[in-house]
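Chemist: Spelled out from the first residue to the last, the chains are:
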Amino acid sequence: MSSSTLSEGRKQFIVDGVTQDCRADGRRCIDFRRFQIETGIVSNTNGSARLRQYGTDVLVGIKAEIGQPKQERSNTGHLEFYVDCSSYNTTEIDGHIGDFTTQLTKSLERIYDSENVLDLKSLTIIAGEQVWVLYIDAVVLECCGNLLDCISIAVKAALYNTRIPGVSVNDEEGVLELEISDDPNDEKKLSIDKVPVIVSCNKIGHRYVVDATQEEECCSSGRLLIAVNDRNNICSLQKSGTGSLDPSTIFEMIETARQAAVPLNQELLQTLKREERSNNDKCGFFAN
Amino acid sequence: MRKDYQLPKFYDRLVCRTGAVSQAVGSAYIELRNTKIICAVYGPREVAKKQEFNIQATVACELKFATFSCRRRRRHIQDSQEKEYSQIIVQALQPVVRLDKYPKSQIDIFITVLQNDGSVLGGAITAASVALADSGIEIFDVAIGCCLRQIGDLSLIDPTYLEEEGRLNNEEEDEIVTNANVTIALLPSLNQVSALIMNGELDVDSTQRIIKDCLEGCIRIYPVVRECLTKSLEEKMSRN
Amino acid sequence: MAAEVGNPVIPGQRLGSIDQFSAGLGTYVRQRHIYASLVGYKDIISQAGQLPKIQIKTGNVSCNLPTIGKVVTAKVLNVNPRFCRVLIICIGTTPLKEPFKGTIRKEDIRATEKDKVDMYNCFKPGDAVLAEVISLGDPRSYYLSTAKNELGVIFAKSTAGHPMVPISWTEMQCPHTEKIELRKVAGIKYWTDS
Chain A
1 MSSSTLSEGR
11 KQFIVDGVTQ
21 DCRADGRRCI
31 DFRRFQIETG
41 IVSNTNGSAR
51 LRQYGTDVLV
61 GIKAEIGQPK
71 QERSNTGHLE
81 FYVDCSSYNT
91 TEIDGHIGDF
101 TTQLTKSLER
111 IYDSENVLDL
121 KSLTIIAGEQ
131 VWVLYIDAVV
141 LECCGNLLDC
151 ISIAVKAALY
161 NTRIPGVSVN
171 DEEGVLELEI
181 SDDPNDEKKL
191 SIDKVPVIVS
201 CNKIGHRYVV
211 DATQEEECCS
221 SGRLLIAVND
231 RNNICSLQKS
241 GTGSLDPSTI
251 FEMIETARQA
261 AVPLNQELLQ
271 TLKREERSNN
281 DKCGFFAN
Chain B
1 MRKDYQLPKF
11 YDRLVCRTGA
21 VSQAVGSAYI
31 ELRNTKIICA
41 VYGPREVAKK
51 QEFNIQATVA
61 CELKFATFSC
71 RRRRRHIQDS
81 QEKEYSQIIV
91 QALQPVVRLD
101 KYPKSQIDIF
111 ITVLQNDGSV
121 LGGAITAASV
131 ALADSGIEIF
141 DVAIGCCLRQ
151 IGDLSLIDPT
161 YLEEEGRLNN
171 EEEDEIVTNA
181 NVTIALLPSL
191 NQVSALIMNG
201 ELDVDSTQRI
211 IKDCLEGCIR
221 IYPVVRECLT
231 KSLEEKMSRN
Chain C
1 MAAEVGNPVI
11 PGQRLGSIDQ
21 FSAGLGTYVR
31 QRHIYASLVG
41 YKDIISQAGQ
51 LPKIQIKTGN
61 VSCNLPTIGK
71 VVTAKVLNVN
81 PRFCRVLIIC
91 IGTTPLKEPF
101 KGTIRKEDIR
111 ATEKDKVDMY
121 NCFKPGDAVL
131 AEVISLGDPR
141 SYYLSTAKNE
151 LGVIFAKSTA
161 GHPMVPISWT
171 EMQCPHTEKI
181 ELRKVAGIKY
191 WTDS
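Residue numbers (full-length UniProt numbering), protein chains in the order written: chain A, 1 to 288; chain B, 1 to 240; chain C, 1 to 194.
Just so you know, nobody snuck in bad clues.
Covered, in the sense of this in silico footprint (three residues per stretch, anywhere, with C-beta under 8 angstroms from a C-beta of chain B), are these stretches of chain C:
1. 9-16
2. 30-38
3. 89-101
Restraint-style ranges between C-beta atoms, simulated for each label pair:
4. C/Y120 - A/E142: 47 to 57 angstroms
5. C/P81 - B/A66: 44 to 54 angstroms
6. A/S43 - C/S135: 58 to 68 angstroms
Below 25 angstroms or equal to it, Euclidean Cα-Cα: the simulated DSS-like pairs (lysine-lysine) are:
7. B/K83 - A/K106
8. C/K75 - B/K49
9. B/K83 - A/K70
10. B/K231 - C/K57
11. C/K101 - B/K49
12. C/K57 - B/K101
13. B/K101 - A/K11
14. C/K97 - B/K50
15. B/K64 - A/K70
16. B/K101 - C/K70
17. B/K101 - C/K53
18. C/K57 - B/K236
19. B/K83 - B/K36
In case anyone wonders, no lab produced these hints; they're calculated from the structure. Heads up, the beta-carbon is just placed ideally off N, CA and C, and yes, glycines get one too.
Required output: the full structure, derived from the provided sequences and hints.
Modeler: Rendered as structure tokens:
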């Protein structure tokens with residue numbers, strides 16, 4: 001929501017509520033909103049996931065294609081991100097929408113496209129020439145605050161759901177030919193134990209909240225993005241927003257985010273495993 | 001590659017001059033070992049784009065690597081990495097400028113990296129702050145940027161390009177080798193952090209430690225910046 | 001007591017406490033202390049009956065923005081029946097490095113008989129006018145007014161291309177062709193005295 005559409009009285013109400021650990025919807029400062037996650041809903045992708053929360057709907061699709069490796073990292077595969085916000089009401093974003101999506105895309109790339117997160121070496125087919133490139137595209141259908149966190153959870157679920165087909169390399173008279181197998185049993189799963197989720201901590205007044213709604217984001221004077229993985233290690237930090245933060249506040253925010261991320265990661269993994277086992281027939285997006 | 005953890009003396013690290021671009025309202029030139037960055041500030045001037053009426057000033061930044069500055073030739077159009085750096089620098093400098101003093105105007109910061117040998121973001125933030133101070137635009141404090149790279153047990157302040165890109169790989173399966181880098185912008189007098197980017201995988205204690213080390217790196221640059229601004233003030237006064 | 005020229009300071013340095021001094025140009029107050037916000041020399045000015053004021057003396061020209069009440073010099077860009085657009089090129093006596101856009105609305109041209117104003121008899125494109133800033137206006141331009149005796153056209157060229165001489169509050173004459181053209185003339189002291 002554009003900050004100019006929120007009245008001063010409403011802003012004060014939110015700040016006072018946060019100070020007393022009771023937010024506008026009744027949550028505590030470190031509570032996440034409940035969300036629903038489904039995987040494997042788009043058949044044309046190698047992996048997909050959809051996250052639904054009150055007011056938020058994000059769809060992530062992963063397509064794996066064979067391509068050239070990046071110049072600096074010729075022995076590993078890589079990830080390419082794109083966030084599409086066009087369905088999301090553009091008047092609600094402060095500033096140019098291109099800058100907004102660039103910021104999201106670059107943050108995701110910086111956090112996820114790294115050896116610390118995924119075993120990118122396993123995506124190599126022919127070292128230096130042909131690698132698997134994972135194109136991760138997020139479509140934001142609607143959003144009620146905390147967009148980057150939601151996209152990161154959906155990306156993690158989609159990566160869990162991703163199956164990469166097996167490739168055999170045939171050397172015929174010096175020309176290397178790649179054959180992609182159609183056998184569903186010959187598919188590779190990706191290991192997601194080092195994949196982090198992003199927890200954004202917003203500073204409102206003198207306290208900080210996790211999983212901010214749109215209104216709370218308008219009142220925040222500084223935001224710290226913290227990426228925490230299953231091993232409870234910090235993968236990335238980024239300060240965004242126009243205010244400045246005290247170093248001690250930063251350390252407290254890191255600790256708060258880590259505590260909030262522990263149940264989040266555990267629940268997410270359990271839900272994903274449960275979904276994989278049950279193998280429900282997907283019957284369309286808006287059917288249920 | 002440096003084998004020892006050494007926080008080098010600040011005079012060896014940073015060379016800083018103002019007045020590099022005579023046409024600009026304020027400008028600065030920074031050399032951080034082999035990295036060379038030049039920054040020009042224009043404004044406060046009319047808001048160029050058709051934006052909403054803003055009772056405060058807007059800060060806009062454009063960072064560009066010169067096409068010959070990196071190991072591989074860069075494109076002449078701003079790519080996504082440069083756009084991201086520009087946005088980070090805007091976020092680092094917005095808390096610093098007294099925006100309410102210049103209603104309905106825009107302050108433009110143009111940064112060109114002439115030679116990239118690592119620590120670009122930290123150097124660019126420092127260059128932009130020095131240029132703002134030189135321009136006579138009122139600011140709360142001079143923001144100082146600093147980069148730190150953690151490879152295994154080594155902490156390297158102001159890493160060179162090779163040190164930034166290099167990685168230590170796991171020699172054994174179970175060993176976790178930390179590869180992390182962090183860039184911080186600090187406002188020394190106010191003791192506030194206006195930009196923080198960290199990448200890698202670290203536990204909470206190591207994260208706190210590298211942030212503290214990087215903050216100390218920023219504090220050590222402060223005297224150099226202060227001396228540069230004081231010297232340029234004396235030169236300006238003696239010219240008038 | 002004369003003001004003392006003190007040490008060079010940079011933004012963020014503490015200058016004094018608000019119990020003993022008051023904040024002047026180039027400083028700001030935070031948590032009961034005065035800090036510098038410009039690069040310059042610390043200057044303490046005594047004031048009768050008040051706390052001495054700390055300000056910063058700089059070598060720079062201070063940043064100039066059109067603020068309400070300032071008299072500016074502007075060049076007329078285009079004229080239309082409701083308002084005319086101008087380009088602000090000087091604020092007071094300081095020329096600007098980069099101009100700002102301004103608008104003079106029909107009702108702000110004169111103080112009296114505002115509804116009987118004909119825009120084309122007041123300004124023409126290319127004229128230099130003295131005007132006062134009355135509002136920050138809209139995102140595209142500042143709002144200016146010439147509704148005072150000393151404000152209005154100070155320089156204009158005739159249709160023949162020669163600089164004209166003012167002959168009354170509403171008329172200017174070309175010295176070569178002796179043709180009279182209508183303008184809203186500024187009553188600058190030099191002209192009104194003679």
